[in-house]
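Each chain sits in its own coordinate frame; assemble them with the hints.
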Amino acid sequence: DGGITQSPKYLFRKEGQNVTLSCEQNLNHDAMYWYRQDPGQGLRLIYYSQIVNDFQKGDIAEGYSVSREKKESFPLTVTSAQKNPTAFYLCASSQGLASSYEQYFGPGTRLTVT
Amino acid sequence: KQEVTQIPAALSVPEGENLVLNCSFTDSAIYNLQWFRQDPGKGLTSLLLIQSSQREQTSGRLNASLDKSSGRSTLYIAASQPGDSATYLCAVEGGSYIPTFGRGTSLIVHP
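Chains as they are written, first to last, in the working numbering: chain A, 1 to 114; chain B, 1 to 111.
Excised from the complex, chain B in its bound form (with noise of 0.2 Å):
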């Protein structure tokens, strides 16, 4: 069964920082992988799909990677700001195209 596993669990940074948030999965047959974003007590927001054929997407200053082999994603967000203070949460479809879900990486960007 895949297993999601996102580190780290939570991050407090500065603002102006870059960032590194990790999605790992345990079976690399996979059809794509979400990026989300939720705000406390609110539905997810998308932010950017990355098909298996893909190495990476990007959009604004968010830039999302993708190495099936290793089972790895990685979203990287530039220029941090507290505007960005919320969960990221990854999700990876595999065979039965229903998405599998990280528990998320909580990241608050302070002025």
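With the rest of the complex left out, here is chain A (with noise of 0.2 Å):
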């Protein structure tokens, strides 16, 4: 099946741990992308890829990292840097980064920091 993986699906950690988030598509698409959920907020963008070894900041990139040294694999890192890491984490993937192209979203993690 193809399609985009994020694992783990819960994820606790305690207060000044980084923590990285894996995400894993199969689509053959060159753009990647990370957003965060909170409850009653829209999607907001952290970081965003359209190729390998190319990563751009999104709307709230502060205190997270990525990295894209495989065209597959886009994980994302929170770092203690983040003031209130505490909420639902999505992948996303699309063919590239042009009007055409459908977004196609993982099952989300959820990251939980006490």
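Hints were generated in silico from the structure; no laboratory data involved.
Glycine included, each C-beta is placed from N, C-alpha and C at the ideal position.
Accuracy of the hints is not assured; some may be wrong.
In silico lysine-lysine, DSS-like type, Cα no more than 27 Å apart, as pairs [to be verified]:
1. A:Lys9 <-> A:Lys71
2. A:Lys14 <-> B:Lys42
3. A:Lys83 <-> B:Lys42
4. A:Lys83 <-> B:Lys1
5. A:Lys57 <-> A:Lys70
6. A:Lys57 <-> B:Lys1
7. A:Lys14 <-> A:Lys57
8. A:Lys57 <-> B:Lys42
9. A:Lys83 <-> A:Lys9
10. A:Lys71 <-> B:Lys42
11. A:Lys9 <-> B:Lys42
12. A:Lys9 <-> A:Lys70
Partial pick of chain B residues on the chain A-facing surface, computed with a CB cut under 7 Å [unchecked claim]:
13. Lys42
14. Gly43
15. Leu44
16. Leu49
17. Tyr97
18. Phe101
19. Gly102
20. Arg103
See below:
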């Protein structure tokens, strides 16, 4: 089956620890995205990547970091500098950054930091 | 900066009703608009993608229309079913090719 996988589904961390969320796609898509979703809010873009070894900050990149060493993988690290890390994190991909391409989403990772 | 508003925020209807969900956006210079469905605790599922040159798209009981000049889109759901219960989000894509999302409409269809 083609699609996007995110792991784990639930993640718990202590305050002050960095944590890395996994996102893998086998759709052969060039573009990948990370969003954050809070209750009652729309999706907010954290980072996106158009091609391997390239990525750009989104609207709320502070306290987050990413890498894009392989086309299939776009891991997100939530650092201890992120003030309110508890949220639902969604990874997405599309064929490219162009108007005709749909976005496809993974199942999400719910991160709780205490 | 593009802003996307979805009205109503929540909707509860009996099974069988025809529904209209609204999405409005402030900057009409968009390339496309996409409607998604999100079930509780899950990712988003794409329902319909409308290119800026199109007026509407249909898939089964769903019909989405786009009026760029007025900055509006509607998602029409015919003969609603309990399985349609979910949150529906719209996203518009402009010059940056990065979508801007609305907050969604939470729909409950009760038997």
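Going down the list of hints, with the structure as the test:
For a cut-off of 27 Å, the pair hint linking A:Lys9 to A:Lys71 stands: about 22 Å separates their Cα positions. Using a Cα cut-off of 27 Å, the hinted pair A:Lys14 and B:Lys42 holds, with the two alpha carbons roughly 24 Å apart. A hinted pair counts as satisfied when its Cα atoms are at most 27 Å apart, and A:Lys83 with B:Lys42 qualifies at roughly 24 Å. Between A:Lys83 and B:Lys1, the direct Cα distance comes to roughly 25 Å. Compliance with the 27 Å bound is thereby established for this hinted pair.
Between the alpha carbons of A:Lys57 and A:Lys70 the distance comes to roughly 18 Å, so the proposed pair stays at or under 27 Å and holds. Proposed proximity of A:Lys57 and B:Lys1 is supported: the alpha carbons are some 16 Å apart, at most 27 Å. Taking the CA atoms of A:Lys14 and A:Lys57, the gap is about 26 Å. The hint holds against a cut of 27 Å. The straight-line distance between the Cα atoms of A:Lys57 and B:Lys42 is roughly 24 Å, inside the 27 Å bound, and the hint therefore holds.
Restraint check for A:Lys83 and A:Lys9: the C-alpha separation of about 22 Å stays at or below 27 Å, so the hint holds. Taking the CA atoms of A:Lys71 and B:Lys42, the gap is near 24 Å; set against the 27 Å cutoff, the hint holds. For a cut-off of 27 Å, the pair hint linking A:Lys9 to B:Lys42 stands: about 10 Å separates their Cα positions. Distance check on the hinted pair: A:Lys9 and A:Lys70 sit about 22 Å apart at the alpha-carbon level, within 27 Å; holds.
Contact between B:Lys42 and chain A, as hinted, is supported at the beta carbon level, the nearest pair being about 6 Å apart and thus within 7 Å. Below 7 Å, beta-carbon pairs count as interface contacts, and B:Gly43 has one with chain A at about 4 Å; its hint therefore holds. The interface hint given for B:Leu44 holds, since its Cβ lies 4 Å from the closest Cβ of chain A, which is under the 7 Å cut-off. For B:Leu49, the interface hint holds, the least distance from its beta-carbon to any beta-carbon of chain A being 5 Å, beneath 7 Å.
Interface hint status for B:Tyr97: upheld, as the beta-carbon distance to the closest one in chain A is roughly 4 Å, under 7 Å. Hint status for B:Phe101 relative to chain A: holds, with the closest Cβ pair at about 4 Å, below 7 Å. With a least beta-carbon distance of about 5 Å to chain A, the hint placing B:Gly102 at the interface is held under the 7 Å criterion. For B:Arg103, the shortest C-beta to C-beta distance to chain A is roughly 5 Å, which falls under 7 Å, so the interface hint holds.
This entry satisfies every hint, going by the numbered hints stated previously.
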